[in-house]
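Input sequences plus hints: build the corresponding full structure.
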Amino acid sequence: AQSVTQLGSHVSVSEGALVLLRCNYSSSVPPYLFWYVQYPNQGLQLLLKYTTGATLVKGINGFEAEFKKSETSFHLTKPSAHMSDAAEYFCAVTGANAGGTSYGKLTFGQGTILTVHP
Amino acid sequence: EAGVAQSPRYKIIEKRQSVAFWCNPISGHATLYWYQQILGQGPKLLIQFQNNGVVDDSQLPKDRFSAERLKGVDSTLKIQPAKLEDSAVYLCASRPRDYRTDTQYFGPGTRLTVL
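Order-wise, the sequence lines are chains A and B. Take 1 as the starting number for the first sequence in this note's numbering and just add one per residue. Take 1 as the starting number for the second sequence in this note's numbering and just add one per residue.
The set of hints was computed from the structure by calculation and includes no laboratory data. No incorrect hints appear here.
Pairwise CB distance ranges, derived in the manner of DEER restraints:
| id | chain 1 | residue 1 | chain 2 | residue 2 | range |
| --- | --- | --- | --- | --- | --- |
| 1 | B | Arg64 | A | Thr52 | 37 to 47 Å |
| 2 | B | Arg16 | A | Thr55 | 46 to 56 Å |
| 3 | B | Gln59 | A | Thr77 | 24 to 34 Å |
| 4 | B | Lys44 | A | Thr55 | 22 to 32 Å |
Using N, Cα and C, we set each Cβ at its ideal position, and we do this for glycine too.
Rendered as structure tokens:
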């Protein structure tokens, strides 16, 4: 079984400030981890993902996340927030077998709404 | 490359009525998913298709929800009869044939309001 916990349903930052969105996961198999962004009235767009290899993953729009197995975390960061970053962010997990084949089913966290103030 | 298409974008019905949603995945994507996203929550998987076969429907309320994917391309999700708690956004997603490519591509969703 897998689960995702996003700490903080709402995060507010000033423009230019550091963005930190927290995600902890639970998985009985090696996890594949994802961050998705959702703008109002739109579907989910992939920001970045971790499958194997380098634990620091860079994504679109200047976001990055680091997989920390010992902490079961996959926090999302961005050094300098922009007004256009205001959206809802979802962390998700799926698993893979020993051969690297994904099980496919995504389990999502409850989401974090990011507000950026001028 | 065209994205995942869904229709309608919005639907308002009364409880006990029926409703159907349509999804056209990205061309060539073998795997198709339907998710339910209730306001304030993350998406929850309802059903997963591989081509036209069901892989996982463990969280689909089968007494009222049904889904099909004829010919392994388009898919429809139906609710009959609808309840107030079915008010949500229904998201369709698709994934390429390569199982090591885990990215799912999401459509814009259908927002259902049950009155």
